[in-house]
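Peer 1: Next come the chains, spelled out residue by residue.
2 protein chains.
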Amino acid sequence: MVEPSLVLYGALYERALDLLEDTLRETGARYALLIDRKGFVLAHKEALWAPKPPPLDSLATLVAGNAAATQALAKLLGEVRFQEVVHQGERMGLYVDEAGEHALLVLVFDEDAPLGKVKLYGKRAAKGLAGIAQEALAHPPKLTLDTEYREGANALLDELFGN
Amino acid sequence: MVEPSLVLYGALYERALDLLEDTLRETGARYALLIDRKGFVLAHKEALWAPKPPPLDSLATLVAGNAAATQALAKLLGEVRFQEVVHQGERMGLYVDEAGEHALLVLVFDEDAPLGKVKLYGKRAAKGLAGIAQEALAHPPKLTLDTEYREGANALLDELFGN
Numbered sequence: 001m002v003e004p005s006l007v008l009y010g011a012l013y014e015r016a017l018d019l020l021e022d023t024l025r026e027t028g029a030r031y032a033l034l035i036d037r038k039g040f041v042l043a044h045k046e047a048l049w050a051p052k053p054p055p056l057d058s059l060a061t062l063v064a065g066n067a068a069a070t071q072a073l074a075k076l077l078g079e080v081r082f083q084e085v086v087h088q089g090e091r092m093g094l095y096v097d098e099a100g101e102h103a104l105l106v107l108v109f110d111e112d113a114p115l116g117k118v119k120l121y122g123k124r125a126a127k128g129l130a131g132i133a134q135e136a137l138a139h140p141p142k143l144t145l146d147t148e149y150r151e152g153a154n155a156l157l158d159e160l161f162g163n
Numbered sequence: 001m002v003e004p005s006l007v008l009y010g011a012l013y014e015r016a017l018d019l020l021e022d023t024l025r026e027t028g029a030r031y032a033l034l035i036d037r038k039g040f041v042l043a044h045k046e047a048l049w050a051p052k053p054p055p056l057d058s059l060a061t062l063v064a065g066n067a068a069a070t071q072a073l074a075k076l077l078g079e080v081r082f083q084e085v086v087h088q089g090e091r092m093g094l095y096v097d098e099a100g101e102h103a104l105l106v107l108v109f110d111e112d113a114p115l116g117k118v119k120l121y122g123k124r125a126a127k128g129l130a131g132i133a134q135e136a137l138a139h140p141p142k143l144t145l146d147t148e149y150r151e152g153a154n155a156l157l158d159e160l161f162g163n
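For the protein sequence lines, the chains are A and B, in the order given. Numbering-wise, the first sequence is residues 1 to 163 according to this note's numbering. Numbering-wise, the second sequence is residues 1 to 163 according to this note's numbering.
The hints are simulated quantities; they were obtained by calculation from the structure and are not laboratory data. Glycine included, C-beta positions come from ideal geometry on N, C-alpha and C. Any given hint could turn out to be false.
[What the hints assert, rightly or not] Below, a list of computed lysine-lysine pairs in the DSS-like style, where the Cα atoms sit at most 25 Å apart:
hint, chain 1, residue 1, chain 2, residue 2
1, B, K127, A, K75
2, B, K123, A, K117
3, B, K52, B, K119
4, B, K38, A, K52
5, B, K75, A, K38
6, B, K75, B, K119
7, A, K117, A, K52
8, A, K119, A, K75
9, B, K38, B, K119
10, B, K52, A, K75
11, A, K123, B, K127
12, B, K52, A, K123
13, B, K75, A, K119
14, B, K75, B, K117
15, B, K117, A, K117
16, B, K38, A, K119
17, A, K119, B, K52
18, A, K117, B, K119
19, A, K38, B, K127
20, A, K123, B, K117
[As the list claims (entries may be wrong)] Covered stretches of chain A (chain B as the covering partner; in silico rule of three or more C-beta atoms under 8 Å from a C-beta of chain B):
hint, region
21, 61-68
22, 72-80
23, 91-99
24, 148-160
[What the hints assert, rightly or not] If the Cβ cut is set under 7 Å, some of the chain A residues that face chain B in the computed set are:
hint, residue
25, S5
26, E84
27, V85
28, H102
29, L115
Can you build the whole structure from these sequences, using the hints too?
Peer 2: Right, dumping it as structure tokens:
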């Protein structure tokens, strides 16, 4: 089974949310997501005024897949990969920027959000999120069962199967 | 066998080349290509000062494939497709814009070409090229053998097989 390359929790997760929220306010974008390169949503925020977003898991999967697919193109131009990609439709736009090696920042914006601001604050947020992702990788969550539970379970197993 | 959706020849081809050359001069980009959505190169120009380009057929195939792949993403945001995509690497960038329904303008630029100019003149060129592609579709090349050849061939066949 595919698992996320990193997990945000506790204080790191809160910091990522704050950063995404600040970025929404500064850029005027609708939705902000931090995803990993496999397509998992690590954190996301929606602007209060924004309509219901598209399915964010699907969005993350497609963005991550697309980012991976452009690597062949980047290599043809002598680059390892593209750091930043902007897709512009009639009304909606999509800004994708690297947040370190394993994560991507995704901003979905409409025609009211100035692209200059999206790129400026997007780039800044991506740097901050890269730091957060780095910390999360350095200190992965440990799944520890507490002593009481462990002792209780051991006693139960001893009773069941004999010691 | 896959065939190009349109073919540029004669005066239309020359006009496309002129437009690509103007765009290279105005934007400071290295290479300019007009490709169709299947990935065929219809016309291309390289800046005189630019180093040897990457294999343009491969570039066209990857750009067209990528443009098709992003349609799912566009649909998720309520768009039919993205009109404009900018990929930005450490040094090299790629600007892709729709030139009508069947063709794409591709500009490859390095860090010395200001993105604003690339987008401004790129967009203008894409409009011009869309017109050229439209004309080419309206008047596809006809492969006609001239009367003299046809009569000669008929006479020869009559002689060979009897009339």
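Peer 1: Would you mind marking each hint as holding or not holding in the structure?
Peer 2: Cross-check of the supplied hints:
{"no.": "1", "hint": "K127(B) / K75(A)", "verdict": "violated, 29 Å"}
{"no.": "2", "hint": "K123(B) / K117(A)", "verdict": "holds, 21 Å"}
{"no.": "3", "hint": "K52(B) / K119(B)", "verdict": "holds, 23 Å"}
{"no.": "4", "hint": "K38(B) / K52(A)", "verdict": "violated, 35 Å"}
{"no.": "5", "hint": "K75(B) / K38(A)", "verdict": "holds, 21 Å"}
{"no.": "6", "hint": "K75(B) / K119(B)", "verdict": "holds, 24 Å"}
{"no.": "7", "hint": "K117(A) / K52(A)", "verdict": "holds, 23 Å"}
{"no.": "8", "hint": "K119(A) / K75(A)", "verdict": "holds, 24 Å"}
{"no.": "9", "hint": "K38(B) / K119(B)", "verdict": "holds, 23 Å"}
{"no.": "10", "hint": "K52(B) / K75(A)", "verdict": "holds, 15 Å"}
{"no.": "11", "hint": "K123(A) / K127(B)", "verdict": "violated, 30 Å"}
{"no.": "12", "hint": "K52(B) / K123(A)", "verdict": "violated, 32 Å"}
{"no.": "13", "hint": "K75(B) / K119(A)", "verdict": "holds, 23 Å"}
{"no.": "14", "hint": "K75(B) / K117(B)", "verdict": "violated, 29 Å"}
{"no.": "15", "hint": "K117(B) / K117(A)", "verdict": "holds, 18 Å"}
{"no.": "16", "hint": "K38(B) / K119(A)", "verdict": "violated, 31 Å"}
{"no.": "17", "hint": "K119(A) / K52(B)", "verdict": "violated, 31 Å"}
{"no.": "18", "hint": "K117(A) / K119(B)", "verdict": "holds, 16 Å"}
{"no.": "19", "hint": "K38(A) / K127(B)", "verdict": "violated, 37 Å"}
{"no.": "20", "hint": "K123(A) / K117(B)", "verdict": "holds, 21 Å"}
{"no.": "21", "hint": "61-68", "verdict": "holds (count 4)"}
{"no.": "22", "hint": "72-80", "verdict": "holds (count 8)"}
{"no.": "23", "hint": "91-99", "verdict": "holds (count 3)"}
{"no.": "24", "hint": "148-160", "verdict": "violated (count 0)"}
{"no.": "25", "hint": "S5", "verdict": "violated, 21 Å"}
{"no.": "26", "hint": "E84", "verdict": "holds, 4 Å"}
{"no.": "27", "hint": "V85", "verdict": "holds, 5 Å"}
{"no.": "28", "hint": "H102", "verdict": "violated, 18 Å"}
{"no.": "29", "hint": "L115", "verdict": "violated, 9 Å"}
Hint violations for this structure: numbers 1, 4, 11, 12, 14, 16, 17, 19, 24, 25, 28, 29, all remaining hints satisfied.
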